[in-house]
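Asker: Below, each chain spelled out in residue letters.
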Amino acid sequence: NAGVMQNPRHLVRRRGQEARLRCSPMKGHSHVYWYRQLPEEGLKFMVYLQKENIIDESGMPKERFSAEFPKEGPSILRIQQVVRGDSAAYFCASSPRGGLDTGELFFGEGSRLTVL
Amino acid sequence: SQQGEEDPQALSIQEGENATMNCSYKTSINNLQWYRQNSGRGLVHLILIRSNEREKHSGRLRVTLDTSKKSSSLLITASRAADTASYFCATDEKTGGFKTIFGAGTRLFVKA
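The listed protein sequences correspond, in order, to chains A and B. In terms of my numbering, the first sequence opens at residue 1 and continues consecutively. In terms of my numbering, the second sequence opens at residue 1 and continues consecutively.
Among the hints, a few may not be true.
What the hints assert, rightly or not - When the alpha-carbon atoms are kept at most 25 Å apart in a straight line, the in silico SDA-like pairs for lysine to any residue are as follows:
{"no.": "1", "chain 1": "A", "residue 1": "44", "chain 2": "B", "residue 2": "9"}
{"no.": "2", "chain 1": "B", "residue 1": "70", "chain 2": "A", "residue 2": "101"}
{"no.": "3", "chain 1": "A", "residue 1": "44", "chain 2": "B", "residue 2": "47"}
{"no.": "4", "chain 1": "B", "residue 1": "26", "chain 2": "B", "residue 2": "66"}
{"no.": "5", "chain 1": "B", "residue 1": "56", "chain 2": "A", "residue 2": "95"}
{"no.": "6", "chain 1": "A", "residue 1": "44", "chain 2": "B", "residue 2": "69"}
{"no.": "7", "chain 1": "A", "residue 1": "27", "chain 2": "A", "residue 2": "5"}
{"no.": "8", "chain 1": "A", "residue 1": "51", "chain 2": "B", "residue 2": "45"}
{"no.": "9", "chain 1": "B", "residue 1": "56", "chain 2": "B", "residue 2": "7"}
{"no.": "10", "chain 1": "A", "residue 1": "27", "chain 2": "B", "residue 2": "36"}
{"no.": "11", "chain 1": "A", "residue 1": "27", "chain 2": "B", "residue 2": "48"}
{"no.": "12", "chain 1": "A", "residue 1": "27", "chain 2": "B", "residue 2": "47"}
{"no.": "13", "chain 1": "B", "residue 1": "56", "chain 2": "B", "residue 2": "46"}
{"no.": "14", "chain 1": "A", "residue 1": "44", "chain 2": "B", "residue 2": "20"}
{"no.": "15", "chain 1": "B", "residue 1": "69", "chain 2": "A", "residue 2": "101"}
{"no.": "16", "chain 1": "A", "residue 1": "51", "chain 2": "A", "residue 2": "70"}
{"no.": "17", "chain 1": "A", "residue 1": "44", "chain 2": "B", "residue 2": "31"}
{"no.": "18", "chain 1": "A", "residue 1": "44", "chain 2": "B", "residue 2": "107"}
{"no.": "19", "chain 1": "A", "residue 1": "44", "chain 2": "B", "residue 2": "8"}
{"no.": "20", "chain 1": "B", "residue 1": "26", "chain 2": "A", "residue 2": "58"}
{"no.": "21", "chain 1": "B", "residue 1": "69", "chain 2": "B", "residue 2": "57"}
{"no.": "22", "chain 1": "A", "residue 1": "44", "chain 2": "A", "residue 2": "96"}
{"no.": "23", "chain 1": "A", "residue 1": "71", "chain 2": "A", "residue 2": "53"}
{"no.": "24", "chain 1": "B", "residue 1": "56", "chain 2": "A", "residue 2": "104"}
{"no.": "25", "chain 1": "B", "residue 1": "26", "chain 2": "B", "residue 2": "107"}
{"no.": "26", "chain 1": "A", "residue 1": "44", "chain 2": "B", "residue 2": "39"}
{"no.": "27", "chain 1": "A", "residue 1": "44", "chain 2": "B", "residue 2": "85"}
{"no.": "28", "chain 1": "B", "residue 1": "69", "chain 2": "B", "residue 2": "58"}
Derived by calculation from the structure, the hints in this document are not laboratory data.
Please build the complete structure, drawing on both the sequences and the hints.
Answerer: In structure tokens form, the structure reads like this:
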């Protein structure tokens, strides 16, 4: 049973370009979470999605950032018109449950975005 | 929002010693979890303790939870060089969709 798969592992973009990060949750998991991590810091919550629905996007910047989790295919975190401040590691996690008893999150290895 | 705050930020000990990390949080929780992150890798779940539990063990790990003080501690006994990693506490935030919020972490370095 494969774990949470994220790709690409490393992505380099120039300012103004778009970054698209993909996350395939563990088999049977319908809850996906995206986090952002700066070097030597903790994880900052961005968005929580369930299949075809955004449950909580309170951590997402209002502009340039969007996320989706379609019925078929991976969850995608999209950053438009990237700026240097977007450089970070972006982690995806999945769980089989959500809500009151979410429990353990299963993390991918992250996608490291560098904006030149 | 940042729910959990770990203390200390960094900890350096000798192999064989015990390592204690603390976590404080602000709001009521349903459960508290501890995760480990090796450099450049994703987080790995270590242990979950529910709000009605006071102590939990898993191998060399011991977690305590004091809901009256809104704090938790993670004790790693007989540490090994391989325990070198960052350790994060995480709590569920009961706003909207019950998202899991992580603290800033404690960086543990175990010297061989």
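Asker: Does each hint fit the structure? Answer for all of them.
Answerer: Consistency of the hints with the structure:
{"no.": "1", "hint": "A/44 / B/9", "result": "17 Å, holds"}
{"no.": "2", "hint": "B/70 / A/101", "result": "19 Å, holds"}
{"no.": "3", "hint": "A/44 / B/47", "result": "20 Å, holds"}
{"no.": "4", "hint": "B/26 / B/66", "result": "12 Å, holds"}
{"no.": "5", "hint": "B/56 / A/95", "result": "22 Å, holds"}
{"no.": "6", "hint": "A/44 / B/69", "result": "24 Å, holds"}
{"no.": "7", "hint": "A/27 / A/5", "result": "11 Å, holds"}
{"no.": "8", "hint": "A/51 / B/45", "result": "23 Å, holds"}
{"no.": "9", "hint": "B/56 / B/7", "result": "20 Å, holds"}
{"no.": "10", "hint": "A/27 / B/36", "result": "23 Å, holds"}
{"no.": "11", "hint": "A/27 / B/48", "result": "22 Å, holds"}
{"no.": "12", "hint": "A/27 / B/47", "result": "22 Å, holds"}
{"no.": "13", "hint": "B/56 / B/46", "result": "11 Å, holds"}
{"no.": "14", "hint": "A/44 / B/20", "result": "24 Å, holds"}
{"no.": "15", "hint": "B/69 / A/101", "result": "22 Å, holds"}
{"no.": "16", "hint": "A/51 / A/70", "result": "6 Å, holds"}
{"no.": "17", "hint": "A/44 / B/31", "result": "19 Å, holds"}
{"no.": "18", "hint": "A/44 / B/107", "result": "17 Å, holds"}
{"no.": "19", "hint": "A/44 / B/8", "result": "19 Å, holds"}
{"no.": "20", "hint": "B/26 / A/58", "result": "18 Å, holds"}
{"no.": "21", "hint": "B/69 / B/57", "result": "20 Å, holds"}
{"no.": "22", "hint": "A/44 / A/96", "result": "21 Å, holds"}
{"no.": "23", "hint": "A/71 / A/53", "result": "9 Å, holds"}
{"no.": "24", "hint": "B/56 / A/104", "result": "15 Å, holds"}
{"no.": "25", "hint": "B/26 / B/107", "result": "22 Å, holds"}
{"no.": "26", "hint": "A/44 / B/39", "result": "17 Å, holds"}
{"no.": "27", "hint": "A/44 / B/85", "result": "19 Å, holds"}
{"no.": "28", "hint": "B/69 / B/58", "result": "23 Å, holds"}
Against the hints set out earlier in the document, no violation occurs for any number.
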